[in-house]
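Just remember that this note's numbering sits 36 ahead of the position in the sequence shown, which is counted from 1.
These are calculated hints, taken from the structure and not from any lab test. Accuracy of the hints is not assured; some may be wrong.
Taking CB as the label site, the calculated pair distances span [what the hints assert, rightly or not]:
(1) G78 - D118: 20 to 26 Å
(2) N113 - E75: 35 to 41 Å
(3) V46 - L120: 38 to 44 Å
(4) A111 - Y49: 24 to 30 Å
Glycine included, each C-beta is placed from N, C-alpha and C at the ideal position.
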Amino acid sequence: MTIQILKSCVGIYRSRMWNSFNPFYWLGIVVLLPKHLFEYLGVNGDKVIVKIFNIIWWAFSSVVTVVLLRENATAVNDFVKDLLK
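Just need the whole structure built from these sequences, with the hints factored in.
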């Protein structure tokens, strides 16, 4: 029984290790950051307050992204040109 539990622990930590390299995993974390924070604090992720904070987070991050891209448009443009060479 102990060996079976240890084998399952190895499988769990192996999947967590691969998730640390997975960009889609990190994208999901960033997009749903308030939900993950509330779940960490013990609040159910299906509550209305969590959904409201998610909407506020999406609006805030969208505005910040647009502002940062406008301020750094030339640097982003140069970076993309360098990638396409």
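Is 24 to 30 Å a correct range for the gap between the Cβ atoms of A111 and Y49?
Given range 24 to 30 Å: violated, Cβ gap about 39 Å.
Against the range 35 to 41 Å, how does the distance between the Cβ atoms of N113 and E75 compare: consistent or not?
This hint holds: roughly 39 Å between Cβ atoms.
If you check the beta carbons of V46 and L120, does the distance land in 38 to 44 Å?
With a Cβ separation near 42 Å, V46 and L120 satisfy 38 to 44 Å, so the hint holds.
Lying within 20 to 26 Å: is that true of the beta-carbon distance G78 to D118?
46 Å Cβ-Cβ, so the 20 to 26 Å window is violated.
Checked against the numbered hints listed earlier, the structure breaks hints 1, 4; every other hint is satisfied.
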